[in-house]
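Peer 1: Given next are the chains, with one letter for each unit.
Protein chains: 2
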Amino acid sequence: MDESEDMPKDFIKLKSEKLSVDEVSELVISPYCGAVSLFIGTTRNNFEGKKVIHLEYEAYTSMAETEIKKICRDVRQKWPSVKHIAVHHRLGLVPITEASVIIAVSSPHRAESLEAVRYCINTLKASVPIWKKIFPEVAFAQVGPREIIGVQAAFSPRFSGYPHGRPYVLRLLPSLLSVCWLSAVYS
Amino acid sequence: MDESEDMPKDFIKLKSEKLSVDEVSELVISPYCGAVSLFIGTTRNNFEGKKVIHLEYEAYTSMAETEIKKICRDVRQKWPSVKHIAVHHRLGLVPITEASVIIAVSSPHRAESLEAVRYCINTLKASVPIWKKIFPEVAFAQVGPREIIGVQAAFSPRFSGYPHGRPYVLRLLPSLLSVCWLSAVYS
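Protein sequence lines, in the order shown, are assigned to chains H and X.
The first sequence begins at 0 in numbering that gives the first Met the number 0 and counts up by one.
The second sequence begins at 0 in numbering that gives the first Met the number 0 and counts up by one.
These are calculated hints, taken from the structure and not from any lab test.
Mixed in with the good hints there might be a few duds.
For identical chains, the list gives no copy identity; a pair is met inside one copy or between any two copies.
In silico EDC-like cross-links for lysine to aspartate or glutamate, where the CA-CA straight-line distance does not exceed 16 Å [as the list claims (entries may be wrong)]:
| no. | residue 1 | residue 2 |
| --- | --- | --- |
| 1 | Lys50 | Asp1 |
| 2 | Lys69 | Glu47 |
| 3 | Lys49 | Glu2 |
| 4 | Lys131 | Asp9 |
| 5 | Lys17 | Glu57 |
Bound conformation, chain H alone (with noise of 0.2 Å):
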């Protein structure tokens, strides 16, 4: 094979099932590369000392994929030696151990990969509006306001496309339906 017909490639993927390592390494590997770099972030048991049952992730799809590719290029323009780039994100819920993301980075050399990883996922959680939400393990055990608040505080905006955060509107929602909900369940 010519190395033109092995041309760089972005593999942006959001999807509600599980997530696959050997899948997304699979994508990226080139044998005009001698590294493969990836990240993966799984769910934890714990937030902020609180116990925690699942993660569930939502997004503005296209938009979201709109921002991976900006972060691919500056990739390419960082890095040009950067052969292959993949980024599968999980939406919905996400128990524990599992992967919300998996990035992986192909490159001739090591220290391109590495780097690439490293700044693919420190962008994406800056910058890609998907929204996490934390489902402590004792939220609707002890109805209450302060349990609501800390539901609605832990959607953790990766977004930077609002200036100033979320509009208000969005923000408050999930509080709004669990208010609903509580309101309906103990009524």
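Using the hints provided, position chain X relative to the given structure of chain H.
Peer 2: Here is chain X on its own, set in the frame of chain H:
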């Protein structure tokens, strides 16, 4: 599960079978960690402008394992929050695009696992007694001293145990074997 039931572990393996990214990443996943960083070293099809058909790795297995354990200890000193570390290295022939080494590190937050995996691969390449032999496509087709020297020079010592490099008897062994092999074939 209490965190004391998920004590930090090192998983070290040198083997001649194909390595599995899924297997190595699964080893380090922990409910207490939100990050897994991996590095995969793969065989690329060129070396210093020459086509390569495959690589071959040889090791002093027990010494290599001891050195890798030392790297794990260093990682835990530098980044105490690191949870599990896995280092799988393949020995023998490794075809183009297949993995010769997979390193995985888990930590609660991403910075530590990203830094630790970079440290692991850099230190492994510098200090672990594993040698890489590169097989250029034309080495035995164009029979002559240049090719034999070419093959011998491609032995890449990853080992600092000998301050002046590998002893001559070991360094010359591939050349001597090549000469014997060629003499037998062309006699």
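Peer 1: Hints broken by the structure, by number, lowest first?
Peer 2: When the structure is compared with the hints, numbers 2, 4 turn out to be violated.
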